[in-house]
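Following this note's numbering from start to finish, the sequence shown increments by one per residue and tops out at 155.
Think of the hints as simulated: they come from the structure by calculation, not from any bench.
Please read these numbers as outputs of a predicted model, since none were measured by experiment.
Take every hint as true, because none was put in to throw you off.
Derived Cβ-Cβ restraints for the label pairs, each shown as a range: (1) N147 with E87: 18 to 28 Å; (2) Q100 with N144: 18 to 28 Å; (3) G135 with C66: 30 to 40 Å; (4) E87 with L54: 48 to 58 Å; (5) N147 with F63: 24 to 34 Å; (6) P107 with D148: 28 to 38 Å; (7) E112 with A145: 23 to 33 Å; (8) R69 with D148: 22 to 32 Å; (9) G135 with R57: 49 to 59 Å; (10) M81 with A145: 23 to 33 Å; (11) T94 with G135: 18 to 28 Å.
Straight line, CA to CA, 20 Å or less: simulated EDC-like cross-link-like pairs of lysine to aspartate or glutamate: (12) K140 with E97; (13) K129 with D143; (14) K129 with E112; (15) K140 with E125; (16) K129 with E97.
Backbone N, C-alpha and C fix where the C-beta goes; we use that ideal spot for every residue, glycine too.
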Amino acid sequence: DSLTARGAEVTFCECYQRCAIHYDGAEEAMRWQSREVTTVVVTSGEMLQQLWSLIPQWYREHWLLRCRLLVVSERLAKLARELGWQDIKVADNADNDALLRALQ
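Given these sequences and hints, build the entire structure.
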């Protein structure tokens with residue numbers, strides 16, 4: 052508004068869109084398990100729900116829930132506990148430095 056008030060012509064352009072990518076959850080779980088992934092970083096509730104719904108139940112029980120989960124808030128930690136995770140670490144915040152510190 053202040054730019055327009057000073058005579059500028061302002062045009063808005065939406066440039067961000069979330070698009071779900073479709074994965075074969077069993078194939079991804081097998082790949083991650085075979086690569087010995089033992090820690091998963093989640094930075095949003097939507098990401099946690101997508102991960103949960105992507106991975107088939109057998110892999111959730113035998114691999115995913117046994118992974119260490121790094122989240123960025125107590126709210127996410129609570130949701131993860133409700134889904135069945137036990138090894139949960141909460142980073143100080145969501146920036147890269149905080150995530151790296153939490154992974155060490």
